[in-house]
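Engineer: Letter by letter, the chains look like this.
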Amino acid sequence: MNLEYSGTENIPASKDAVWSFITDPANIAACMPDVLESTVVDPRTFDAVVQVAVGPVRGKFKFHVVLDPQPGGDRLNMKIGGGGFGSVVDLTAGADIRSESDGSTTLDWKGSASMRGPVATVGGRVIDAQAKRVISTTFANVKARLSPAAAAKPA
Amino acid sequence: MGHSMKRKEDPRFIRGHGRYLDDFTLPGMVWMSLVHSPYPHARIVKIDKTAALAVPGVIAVLTGEDLAAHNLAWVPTFHGYDKQMVLAVGKVLYQYQEVAGVIASSREIAQDAAELVDVEYEPLDPVTNPFQSREDKIILRDDRENKTNHIYHWEVGKREETDAALAASDVTIKERIVFQRCHPAPLEPCGILADMNPATGRLTLWLTSQAPHAHRTVVSLVTGIPEDKIHIISPDIGGGFGNKVPVYPGYVVSAAASVVLGIPVKWVETRTENLTTTGFARDYHMDVEIGATKDGRVTALKVATAADHGAFDAAADPTKYPAGLFGIVTGSYDFPTAFTELDAYFTNKAPGGVAYRCSFRVTEASFAIERGMELLARKLNMDPSELRLKNFVKKEQFPYPSPLGFVYDSGDYHMTLRKALDMIGYDDLRKEQAEKRERGELMGIGISTFTEAVGAGPSKHFDIMGIKMFDSAEIRVHPTGSAILRAGTKSQGQGHETTWAQIAAEELGLDPQNIMVEEGDTDTAPYGLGTYASRSTPVAGAAIAMASRKIREKARKIAAHLLEAAVDDVEWANYKFQVKGQPDNALTMQQIAFAAYTNPAPDSEPGLEATFYYDPPNLTFPYGAYIAVVDVDRETGAVKVRRFLAIDDCGTVINPMVVEGQIHGGLTEGFAIAFMQEIAYDEQGNNLNTNFTDYLVPTSLETPHWETSSTCTPSPHHPIGAKGVGESPNVGSPAAFVNAVMDALSPLGVTHIDMPLTREKVWRACRQATTA
Chain P
1 MNLEYSGTEN IPASKDAVWS FITDPANIAA CMPDVLESTV VDPRTFDAVV
51 QVAVGPVRGK FKFHVVLDPQ PGGDRLNMKI GGGGFGSVVD LTAGADIRSE
101 SDGSTTLDWK GSASMRGPVA TVGGRVIDAQ AKRVISTTFA NVKARLSPAA
151 AAKPA
Chain L
1 MGHSMKRKED PRFIRGHGRY LDDFTLPGMV WMSLVHSPYP HARIVKIDKT
51 AALAVPGVIA VLTGEDLAAH NLAWVPTFHG YDKQMVLAVG KVLYQYQEVA
101 GVIASSREIA QDAAELVDVE YEPLDPVTNP FQSREDKIIL RDDRENKTNH
151 IYHWEVGKRE ETDAALAASD VTIKERIVFQ RCHPAPLEPC GILADMNPAT
201 GRLTLWLTSQ APHAHRTVVS LVTGIPEDKI HIISPDIGGG FGNKVPVYPG
251 YVVSAAASVV LGIPVKWVET RTENLTTTGF ARDYHMDVEI GATKDGRVTA
301 LKVATAADHG AFDAAADPTK YPAGLFGIVT GSYDFPTAFT ELDAYFTNKA
351 PGGVAYRCSF RVTEASFAIE RGMELLARKL NMDPSELRLK NFVKKEQFPY
401 PSPLGFVYDS GDYHMTLRKA LDMIGYDDLR KEQAEKRERG ELMGIGISTF
451 TEAVGAGPSK HFDIMGIKMF DSAEIRVHPT GSAILRAGTK SQGQGHETTW
501 AQIAAEELGL DPQNIMVEEG DTDTAPYGLG TYASRSTPVA GAAIAMASRK
551 IREKARKIAA HLLEAAVDDV EWANYKFQVK GQPDNALTMQ QIAFAAYTNP
601 APDSEPGLEA TFYYDPPNLT FPYGAYIAVV DVDRETGAVK VRRFLAIDDC
651 GTVINPMVVE GQIHGGLTEG FAIAFMQEIA YDEQGNNLNT NFTDYLVPTS
701 LETPHWETSS TCTPSPHHPI GAKGVGESPN VGSPAAFVNA VMDALSPLGV
751 THIDMPLTRE KVWRACRQAT TA
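Taken in sequence, the protein lines are chains P and L.
Residue 117 in our numbering sits at position 117 of the first sequence, and the numbers go up by one each step.
Residue 225 in our numbering sits at position 225 of the second sequence, and the numbers go up by one each step.
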């Protein structure tokens, strides 16, 4: 089963701040929902154990996430591979990043996921709902972490 | 015989005292769990057992390379033309293929550790249907010399003559009719308990086996273990339907582990494993052409099939019949000429092609011809019952040589269909349908008048791995007149403990309650090829009758001795031996049995027992006339099966109640296939129907009410005239359901929808027709 998603997100922070944030594996891991454990392997890679509940497919999936920032700081590619309980999920995503005149930053992003095994049998609509939840939660967390209010908080 | 005696086995089952494979445990027993591939087609880069082996309780992790060291990485498929991987070596060829086996001290530890076996794959593009496969752009089997996905071409009949007859026909129909991939899905999945006893060197296998003797021979041939050192016990079986005929990787891995470790190893598959890896059925894509005169007389039949066999050619067919008995595709009709050909292909799907409640592809053939006749009736604007009556093989034509090589034994198709039309009130239903159509309501009537070829089979034609497809019975009459009957078959719910006893009781004049039937133990039962393809009654049932008659012959000599009469003067009448014409001077079989042990005839051996191996002279040809009546809701696509009448003719009936039970079960399966069930794969090779939430089994809520009746034209060559019936309802009913729905949709111009006729498909067809 293949699924494709795309969207545009505006983050109320400067491009440099956004770039610096999203190219740090620890930050991405912290913003993804349902992450039980995460281990930063190197400055571009982390492993995560994620609690998955898609229809009857429930359990811990292991994912290996590789960030691939492109030279110039305008684009970030990402590969996620992993799975569990006989299921395999492969996801590739990319975001074009640009500054807005109001100082905020916009991400035009696109991703495609390929699923095999029990998770692929659950049905597109169930997976679709879960995927959208993961995407929206992740971006919400990124925004929250980068918002002026959050930035104002002492570390 | 002929009485609805209650099934002797049922008190055991309904009280929960059946003993199934999973009920058996042995001291020191460990468990095996399999690791499956999530990819349909991929190279195996690396298998890391480390994490699994570190789990406390894990004893071993086996891979294909481990098995290769014992020459067990591959095993031959049943008909011997191909081989299949036990555990994947080099690459995987279908999703859920077995990649490793974990042996552990408990089922739970084995399953948990299986999750920790780390397999690195390099995904390859998959091939998911036979039409993609035949392009040979992606070659699936590296191991085969011929670098093609094409497995074999098979044909029978007269191609040129058929083409010419079709070209000369007034009317022709042509339709691609797909019998979807479905699965027998027995409620009890497959399993094994393997016990190699190091002290005796004997391997005992408790196995969910429909053919224990054949499995023993296969195990011996594959492993080199002498057959006397292999003991297979097939305990109570919770449904087989062809699914428990093949040899599966779980069996081989468990047995190999037990041999190597010297301890008992058990494996019971999960529902998902059953649906995704064990023998599927059908997946035939059939191009059906029929020619006819304008007044509705058929002139020719041509069927060209693309068969999807999955990753290995593991279809369980007799050696000389790669496409099974598909040649029965001319059905009940007197075609002057016919031709059929089939090409089989590998795909990245689970292997199989088992005879799911079907005598080797007879179901596919019956569906093709019965749908084809319905399409022809529509094209001719002729009532489908009239078309059938016009083209049936006539009673006086039997034995009937079909254009595709069978010789049908007996039948009276006109009588059976007329009975069905009368019983269901066909003319009134057509009037009601016409009135409903006036109101825009969708009501349909579907007919299926199928003929099967069952009872494989005569040794001159039928074998599996070289073993002729005879079957056997051994009967021992005890001194007090009770008996034990052993057969080479294996009941999986068919009721052999009752019906076998009834045959012997009829032949011997004994009480069937006092005839114990035993099957499934290779140490005690005579060699037989097992139970599938509706072969038990035609073959083993005949063997029981013949063994009984051997006993009766010996008993006649004992009776002559006791009656002080010449043997020729003693006759069998009213279940007793008597001096001819002297019913008062008679002896019962019980009396003779006692004498056989206490006062044997001077010139004969003591005891009263016989064994018979029956080699049938021909197949048997049961048939039926089924009529379905449906209402279709065009707004929702819901189909309501309002009535379903099944008239079956299986020759002599041993136990009407058991037959009725078989018909009810088979119709329910046919209903499920027609409306609910499909093992579907997406373009990436994902199996989309891996459990009972996605692969539906009808409950009593969905199942229609079945009306049944029978006619009887005995088989002239079977000792008791029986033909076999277990598969008829599954063979005959799908076409009746589909024909009924297509009849209902005919006002909308819909002519064909492939099964399963889900609400969505029917709704889309209605919507498309309406908007067009």
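Hints were generated in silico from the structure; no laboratory data involved.
The structure displayed is predicted, hence computed values, not measured ones.
One should not assume that every hint holds.
As the list claims (entries may be wrong) - Mimicking DSS-like on lysine-lysine, the simulated pairs with C-alpha atoms at most 27 Å apart in a straight line are:
| id | chain 1 | residue 1 | chain 2 | residue 2 |
| --- | --- | --- | --- | --- |
| 1 | P | LYS62 | L | LYS83 |
| 2 | P | LYS132 | P | LYS110 |
| 3 | L | LYS468 | L | LYS550 |
| 4 | P | LYS60 | L | LYS46 |
| 5 | L | LYS431 | L | LYS294 |
| 6 | P | LYS79 | L | LYS46 |
| 7 | L | LYS147 | L | LYS137 |
| 8 | L | LYS6 | L | LYS46 |
| 9 | L | LYS431 | L | LYS390 |
Unchecked claim - Which chain L residues face chain P? A few, computed with CB under 8 Å, are given here:
| id | residue |
| --- | --- |
| 10 | HIS36 |
| 11 | THR636 |
| 12 | ASN686 |
| 13 | THR708 |
| 14 | PRO719 |
Ideal placement from N, C-alpha and C gives every residue a C-beta, glycine not left out.
Engineer: All hints are to be evaluated individually against the structure, with a verdict given for each.
Structural biologist: To see whether the hints hold, each was checked on the structure:
1. P:LYS62 - L:LYS83: Measuring from Cα to Cα gives roughly 35 Å; hence the hint is violated.
2. P:LYS132 - P:LYS110: Holds, at about 13 Å.
3. L:LYS468 - L:LYS550: Roughly 22 Å separates the two Cα atoms, so the pair holds.
4. P:LYS60 - L:LYS46: With Cα atoms ~22 Å apart, LYS60 (chain P) and LYS46 (chain L) stay inside 27 Å; holds.
5. L:LYS431 - L:LYS294: holds, 25 Å
6. P:LYS79 - L:LYS46: The given pair, whose Cα atoms are some 21 Å apart, holds under the 27 Å limit.
7. L:LYS147 - L:LYS137: Between LYS147 (chain L) and LYS137 (chain L) the Cα gap is close to 10 Å, so the pair holds against 27 Å.
8. L:LYS6 - L:LYS46: violated, 57 Å
9. L:LYS431 - L:LYS390: Distance ~22 Å between LYS431 (chain L) and LYS390 (chain L) Cα, so the pair holds.
10. HIS36: holds, 6 Å
11. THR636: It is violated, given that the least Cβ distance between THR636 (chain L) and chain P is near 19 Å, above 8 Å.
12. ASN686: With a minimum Cβ separation of about 4 Å from chain P (threshold 8 Å), the hint on ASN686 (chain L) holds.
13. THR708: violated, 37 Å
14. PRO719: It is violated, given that the least Cβ distance between PRO719 (chain L) and chain P is near 50 Å, above 8 Å.
Comparing the model with each earlier hint shows violations of hints 1, 8, 11, 13, 14; every other hint is respected.
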